[in-house]
Each structure stands twice: as structure tokens, then as C-alpha cells.
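Chemist: Protein chains in written order, with the working numbering: chain A, 1 to 295; chain B, 296 to 610; chain C, 611 to 1039.
By construction, these hints were calculated from the structure, which means they are not laboratory data. Since the model is a prediction, treat every value here as computed from it, not as a measurement. C-beta atoms are modelled at their ideal positions from N, C-alpha and C, and glycine is treated no differently. Relax, there's no trap hidden among the hints.
Some chain A residues judged to face chain B by a derived CB distance under 8 Å, without partners named:
hint, residue
1, L32
2, M39
3, P42
4, F111
5, L116
6, M127
7, L129
8, V138
9, P142
10, P162
11, R180
12, P197
13, V212
14, L270
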Amino acid sequence: MSDVPNRLTVVGERQLTPTQRKLLSVLTHTLLLAVSVFMLYPLLWMLAASFRPENEIFSSASIWPSEWSVDAYVRGWNGLRTSFSVFFTNSFIISGLSVLGNVLACSMAAFAFARLNFKFKNFWFAMMLMTLMLPYQVTLIPQYVLFRQLGWVNTFLPLVVPKFLAADGFFIFLLVQFFRGLPKELDEAAQMDGCSPWRIYWKIVMPLSMPVLATVAIFTFIWTWDDFFGPLIYLSEMKTYTVMLGLRTFTDSTGESDYGGLFAMSVLSLVPIFLFFLFFQRLLIEGIATTGMKR
Amino acid sequence: MTARSLESGAPLGERAATSSLWTRIWQNDAPGYLFLLPWFIGFFGLTIGPIITSFYLSFTDFDLLTSPEWVGANNYIRMFTNDPKFWASMRVTMMFVIFSVPLKLAFALGVAMLLNRGMRGLPLYRALFYLPSLLGASVAIAILWRQIFARDGLVNDFLSIFGIVGPSWISTPQYSLWTIIILAVWQFGSPMIIFLAGLRQIPQDMYEAASLDGASRWRQFIKITLPLLTPVVFFNAIIQTIEAFKSFTPAFIISGGTGNPINSTLFYTLYLYQEAFGFFRMGYASALAWVLLALVGMFTAFSFLTSKYWVHYDE
Amino acid sequence: MTIRTDRRKFLMGSSALAAAGAFGVMPSWAQAQSLRLIFWGGQGRADRTYGVTDLYKEASDTDVAGEFLAWNDYWAKLATQTAGGNAPDVIQMDYRFIVEYAQRGAIAPLDEYVGSALKLDDFDADQLEGGKVDGKLYGISLGANSVATLINTGAFEEAGIEPPTNAWTYDDLFEIGEAFNSANIRGGMKAISDSSYNEPSLDNWLRQRGKALYTAEGQLGFDETDAVEWYQLWAKLREAGVCVAPDDQALDTGPLETTMLVTGRAALMPSNSNQLVGYQALVQDKLDMCGYPRIAEGQGGGHYRKPSMFFSVAGSSASKEGAAEFLNFFVNDIEAGKILGVERGIPCAAAVRDAVAPTLDEANQIALNFVANLGDLLGDLPPPPPAAAGEVDLSLIRTLGQEVGFGAKTPEQAGAELVTGATDILNRA
Chain A
1 MSDVPNRLTV VGERQLTPTQ RKLLSVLTHT LLLAVSVFML YPLLWMLAAS
51 FRPENEIFSS ASIWPSEWSV DAYVRGWNGL RTSFSVFFTN SFIISGLSVL
101 GNVLACSMAA FAFARLNFKF KNFWFAMMLM TLMLPYQVTL IPQYVLFRQL
151 GWVNTFLPLV VPKFLAADGF FIFLLVQFFR GLPKELDEAA QMDGCSPWRI
201 YWKIVMPLSM PVLATVAIFT FIWTWDDFFG PLIYLSEMKT YTVMLGLRTF
251 TDSTGESDYG GLFAMSVLSL VPIFLFFLFF QRLLIEGIAT TGMKR
Chain B
296 MTARSLESGA PLGERAATSS LWTRIWQNDA PGYLFLLPWF IGFFGLTIGP
346 IITSFYLSFT DFDLLTSPEW VGANNYIRMF TNDPKFWASM RVTMMFVIFS
396 VPLKLAFALG VAMLLNRGMR GLPLYRALFY LPSLLGASVA IAILWRQIFA
446 RDGLVNDFLS IFGIVGPSWI STPQYSLWTI IILAVWQFGS PMIIFLAGLR
496 QIPQDMYEAA SLDGASRWRQ FIKITLPLLT PVVFFNAIIQ TIEAFKSFTP
546 AFIISGGTGN PINSTLFYTL YLYQEAFGFF RMGYASALAW VLLALVGMFT
596 AFSFLTSKYW VHYDE
Chain C
611 MTIRTDRRKF LMGSSALAAA GAFGVMPSWA QAQSLRLIFW GGQGRADRTY
661 GVTDLYKEAS DTDVAGEFLA WNDYWAKLAT QTAGGNAPDV IQMDYRFIVE
711 YAQRGAIAPL DEYVGSALKL DDFDADQLEG GKVDGKLYGI SLGANSVATL
761 INTGAFEEAG IEPPTNAWTY DDLFEIGEAF NSANIRGGMK AISDSSYNEP
811 SLDNWLRQRG KALYTAEGQL GFDETDAVEW YQLWAKLREA GVCVAPDDQA
861 LDTGPLETTM LVTGRAALMP SNSNQLVGYQ ALVQDKLDMC GYPRIAEGQG
911 GGHYRKPSMF FSVAGSSASK EGAAEFLNFF VNDIEAGKIL GVERGIPCAA
961 AVRDAVAPTL DEANQIALNF VANLGDLLGD LPPPPPAAAG EVDLSLIRTL
1011 GQEVGFGAKT PEQAGAELVT GATDILNRA
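This is chain A alone, in the form it adopts within the complex (with noise of 0.2 Å):
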């Protein structure tokens, strides 16, 4: 990991002496560890839980399993009739195209909104904000006729198409606040060089908003990867399920469900989300630290 200690604090703790310093990187660290303990509790049950015996799960009060075994995990990831490779497939799929969609649509739209000048600017940014207000819930069914005369039901494209469309107003309204953040003097002065909207969307703000672009990707990935409704109305085929739609056929509050292959595959499934947000924070801390930009 890049772990390149930034100006800030080297100008903060100029002022402390060695011994000073030191205590308080302790203090800090200490204070960060018992907050990290508290947070991660509950994922350490789950990993537990995983690898416990199945009728000791809900009456075991102990985090520790009273055996070993790693047959959740071999039981879950062939308990459906479809393996979990596929449904991780089809997760990437979807994920991964959504934050391609994401990422160029929203900042597209963003840009316009943030950069440029137009009639009727505020009112189309009032209905952008709009769309996020209303509850899903309600918009559910009409939104179901519609992709069905589209003939898109039973495919991921009412997973995906959307995104490439900017339909998500957050990233939208997100990408405005970041890019009206950039200075400038930086399009003024392309401008005069004689560069495009495009050149100077492409070129300046982009480059310049990778922190905030790899938010965008972080998010849609993560959100992607975690949604079940989207899926649930629009996947109907096993073999088109993701790992969330997966992981709730599991359980069913009406007869027999696997708690431990749920759990073992809840774990398994947060490892392409870890991993991906690991990877992509690397961008968050370079960034503008490592572009070197000044006013």
C-alpha cells in the first residue's frame, strides 16, 4: 500500500517534539484499534458462525466454534442447483459494467452541470434531485411494464442500460460538488488556448477528479454487488441470479434453510467487494496528493 505520509502533517507536527509525537501516534492508534474492535465484531461472529456446526449456531453463546469444519463452505457453494461461480460471474458482469456506465454518464452529465451554462440549467438539476426522492417502492411496477415491452425482463439489462444513462442522480449530484471544487483558472485558461468542452472535460477535469472518480466506482461496485431487489424483479433464470439473489434463496422462514452455507457464502461473497475497495483506494489517497496541483 502507499503509505506516503502527506504534507499536512508534516507542517502539523513540526511544532511537537519527538517524545510528543510519539504519544500521540500511541494515543491515536490505540483509539483507532478499540474503535476498529467495535466495528469489526459482528464480522468476526459471522466468520465464526461460518465454520460452526449448524445446530450450534443460534444456541452457542461463544464466538469460538466447539469444532472446526469448512463444510458450510464446500455444502454452500454447491447447495443451489447453481453453483456460486456462476452467480459470482454474473455479479462481475453487472458490477463491473455499472461502473464503467457510472462513471463516464454521471461525470458526462455532472460536467454539464457543474461546468457549463445552459437554459433551463436549475430546473433539469431540480428533476435530477427529484428522481432521488421518490421511493423506489412506487415506481417499482410501472418501471416493470416498461422494460417488459422493451422485452429486457429475464436479462441484465435493466441492471445495466440505466447506469450507462446516468439514472442515479447521487453520482450525479456527488461529481457537481467535486467538480465545482477545481479551480477556475484551469478551463479559463484552456478555454483561451482554444480547447473544447470535450478537451477540457476530458483532459482536465477527469484527470484532476480522480479521488472522487474512484468514489464513484467504489460505490457503484459495492451498491451493485449488494442489491437484491433490482435482481429479484428482473432475474428469474438461476443461472442469471447474482451472489446476493443467491445468498436469500439460503433462507426461507417457511421450512428448511441452511444458516451455515448462508453465512460461509456471505463471507466468500464480501471478498471481490474487499478486494476491490482495497485496490481502488489506492487512487483515493494519490490522487491530488501525487498530481501535485496548485492554485
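With chain A fixed as given, assemble chains B and C onto it according to the hints.
Modeler: Chains B and C in isolation, oriented as in the chain A frame:
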């Protein structure tokens, strides 16, 4: 409503304006509309239709299985005059918004500040703190929360060290909502990341200058960090509030979709969902949704109007 | 029955064509057709169901594409598909929703296929009756079950008490409760879960009093006195520490793992006969079952054999007859029956039941024996509940019971509110 806050700086095409009206439109407005083209296709092709439909449905009786039947404003009238559950659920959601949003934002900002200091193991901490947010709201979370907040759960194990015998927090009406608020705050990862991205955008030379002038850390925070972070604070506050108003899944999974005990976790959207899919009253549910939209819309408009007094953009 | 078995052998030993003829599925055999099927359940149920669709494909050259979801997700998806004009041909339907779907034309009456595509001669009469709405057949029962009290026999052994039998009464329950309190096992395990807001418990108690939750006309079948008495009974049980504390009981949000039986807080719990298997997988002690308690010694009539779930045919289906043929195969074919077992309840066709019985494991045997030997516990089959029954349950029965439990309302207030509130909801719908 968004007028003031959205006036961004230099209009790109302005200088090139010529005599021809068409040229002017092309140079002034066209780039904006071209950049918005994907969004327009999505908005008019996919989004606006269902929204208008739901607005129409809010004036009907619609049982999902047969055609909707026009009833005028009946749904809205009933909601305000003859529906105690509407008010009960409104109260629950309001409580949730009022407590979860500031707590979550404060936590997120605090941790982001802490993590923005260069230190050993930074990426690790950042990842650890984001982990709970990765979990989303799944069946596993519902089970976990029970393990923590039930009578013989982790919290009471901890309290018993001090000789306190705690109740079953998650299933006692006075406290159950708080366990969901804690869940929301626990998953503070997303605003934290956004704060971090915002902090990263603050030019370091400003601190160097301030530091040379002998400004204390606290002064630097008040004078530099906070003002420059306001666009991000503004964004997080608005988004988290909207999301909190719409919050559905945590209550749905933790109460098994019932909103119990004694409706203490009957979130507004949970009630809406029950009406729509449990009791087959999509017309009424749509009316509920539009009341929520009006409420959130007013809040957002108000925020935008006041934002010019405290949100600082670089312009 | 013997004739049917012979036909089955005939099928196994001869061509699909002849078999199709024998089963009356001629009209569509020649052209491969396909049906869509949706049901709720776990992988275990899915495996059995797909086993039957595979068998059906061999027998009739009809593809049945099945889709299954967990109960909580099922109804939102089914409603969306139905509203979107995209309902599957065959729909698994629950007792509490069948009236809603039938009255709105979302599922089709099957009467015209009975005798031709659907052979129901040796089908249990009460199960057939249970699938009727306004006199027309809308659902074919996939199995019978009954309410039952699940017993943690290990806990009873540890407490040194005899577990209850079908003869037990609410007075016995008080005694068992006391015994559990003085035995004080497993961190204060109570005798029974708080069943005051368990709809079937109330229903069973009312039926023993000669009342019912709902009348055949879809109105309320009891009055305020009954309701108040019910809440008073449970207030007493709560006070005596016979049932679990209200904040424990509120932990039960529906899924099996949240129930008092699985979390080990109560030794008895009202449930359904077909759920024994699911619970046994989550509990270390051996489970058994008996009837719900009687209101007085020798007082019966509270139980009935309820259709556990149905298969219905979508009103919008383009191949209703093909769907009816599949239903016929599903409930009547012996091989199919052996694959399905009693996972959805006790088979309703006599021939299938006889063929299945010897193949069952212990937990399933207990369930089958219980349902087959209800004796004087068995009363008349009630009419299907009115469309708003689900809302009465969720909005009133559950909430009011909890409010009394937590002391927010007295039994008298709750009783009055249950009656007025339920009447309101029934009239609104």
C-alpha cells in the same frame, strides 16, 4: 429552488457569441445539452414515465391485480384525517432522520479527519472502517444484530461487568429504534469516503501558509478545512437525509418486515411497502410516496436556499 | 389405487405416447410446450420440485421452467409480475392470499378441467374444499397439515416433567409452567412462547368455544367478550411466568431462527405440523409434537386439516389446460409423490399417501401420524379467510398482543380495539 447555488462561473461559450441566434444557442447551450444527452435519454426514456404513473396512481384505488380506479384526493384525505399508522410511521422516520444523520455524519467526519493524517497502517484502518458498510443490509446482518442486542447479547454481557442487567434492547419498544439508528451509524463508511475525498482536494499549500503564520491546528480546521469542505458537507447532509427519509431495508430485515415491537420500527417506507405489497393498496402507497417526496423536496429546497450562506465554492 | 399403480407400471414400461394417453394428456403431447412455475421455499423444496418437472418432461414432453424464492421476497415479485402482465402459468399460492388473487381474477377457476385434465377422484374432500373461493376451485392443495405444539423433549426431560399429549389443557399449561419455573433449567427457560398474538392460537381457542376468527361471509366471528377473555388468559400466563417475557417474545420476527424454540427460551411453541422438520434441523434436542391446548378437558374441535399451500393457474396463462395437466401429474403421480414426500404437507391423493408413508424418516413420520390421528381435536374446515385477514393479523393481532404484553394496554382495551379495528379493516377492503 436551486438557482443561487448552481450559478457556476465562467460560461464557456459566452465570449464567442455572435449575431446569429442559432450560433448563439449552439455556442451557449448546445455543449451543456450534449453532455447531458445520456441523462436526457435515461430521464425521458426510463425514469419520467414511471414517476408520472405513480403520481397518477396516487389518485386511484389500485390493487395491483385489476385496473386502477380514480378516487380523486381520497387517498391524501384519508392519510391526514383517518390514519394513525401514517402519523406513527412518520414519527418513527423523523426520529430516525434527526438522530441517525447528524451522528453518522459526525462519526464519518471525525474518522475521516483522523485517517487523513499520514500514519502507518492507514489503508488498513480505512478498509477496516469501511468493512461494515460493505455488508449492506442482508439476512446475516439481521441475525448479527440480534446476537448483539438481545437479552443475552454482547451489549448486556458487557454491561454485566458493571453489574447492570440490561433489557433485550432490540425487542423493547423504547429502545428498538435505537438499535437501528446504531446500525445506520455503524455503516458510516460511505460519507467517510466522501469526506476523505473532499479532504484530499484541499490544497496543502494553504496549510503550509497558515502554519507559517503560526495558526494552531484548531484554527486551521475552522479557517481552512471546514470552509473548503462545505460543498462536501452539504452534499453528505442532503444525501444522508434523503436516504434516511427513504430508509427501508434495515427496518425491513431487522423486524422481519413487521415494524414491531408495537410499531416502534414501522418506518415510513416500511408502512408504504406493507400497504403496496402486503395489503394490495398501491394507490394509497403511491400517495404516501408523494407526501414523502413533498416533504423531502421542501427540506432539500430549504437547504439549497440557505446554502449560499455557508457553502463555499471556489468561484 | 391399484389401477393407478398399474397405470404407473404401464408408463414405466411403455412409450411416452401410450403413457400420455393413459394419463389423459393427449392434446398437447405432440408439440413440445412449456410452462412457467413459481414457488417459495428453500433448496430442499426446489430439488424435489425440479425432480418432478424432470419426470414430467419425460412423460409429456412439456418443459416446466421453475423459479423459487424465499417467502419474504415471493409476494412482492409475484405481485409485480402479475401487475406487469407477466405472471407464470403455475403459481404456488397461500391460504391467506388465495381469496385476494381469486376475486381479482389473477388466478383462474379450474372447475372446467376437473374430470378431464384434472383427476381428483381419490383426492381428500376437505382439501378440495379448502381450495375453493365463492364455490369455485382456484387452488389444488399440495398437502395437508395442522397446527401443532412443538415440544422440546430434551428440556422436559431435564426439568423432570412429562411432556404434554393431545389431551392437555390450558390448566395443564399453568402446571407445566410452574414446574419449569421451579426446575429453573437453561437460564430460566419458560414453558411456552407468548402465543397471545399468534393468530392460529387465537383461532384454535375461539373454535373450541364454538366461535371462529371469521364467518363464511367474511365478517368477524367473535365479539369483544371473547377477545378480552383471550387477552386476560394470557395476562395470567404471563404473570405466572408460564410464558416468556414480552421483550423476549418480540425477538421472534418470523424466521425460524428467531423463534423461542430455536433460541431455547421456551420448551413449547405453537407451530404447524409440517414445520417440525425445519425446526429439528436447528435444535439439538429431539422435538415432538402434540395438539394445541384444550380449553377444558375433553373439549375438541379446535383443529382442522388445512391445505398447507396450493398450486393455482394464472388468470392470464395462455395454456391453462396444459397447466392443469401438470397439476394433475404433480398431485396424482406416484413417482412424483415419492419424490415430493411430505415436504409440502401430507399428500392429498390417497394412492400417493399410501405409497409415500413407508418411505419417511422419523421427523416426517411424527408429523404424518399427528395429522392422521387428530381424533376429537379435529373440527370442521373453516371457510378461506377474507382478503383483509392478513392485514388484521399484522396490524392488530400482533400489535395488540404486544401492547398488552408490554403493559401499554389492558386486556380490556386491547379486546375492544381488536373488535372495532378488525371490523373497520374488513369493511374497508
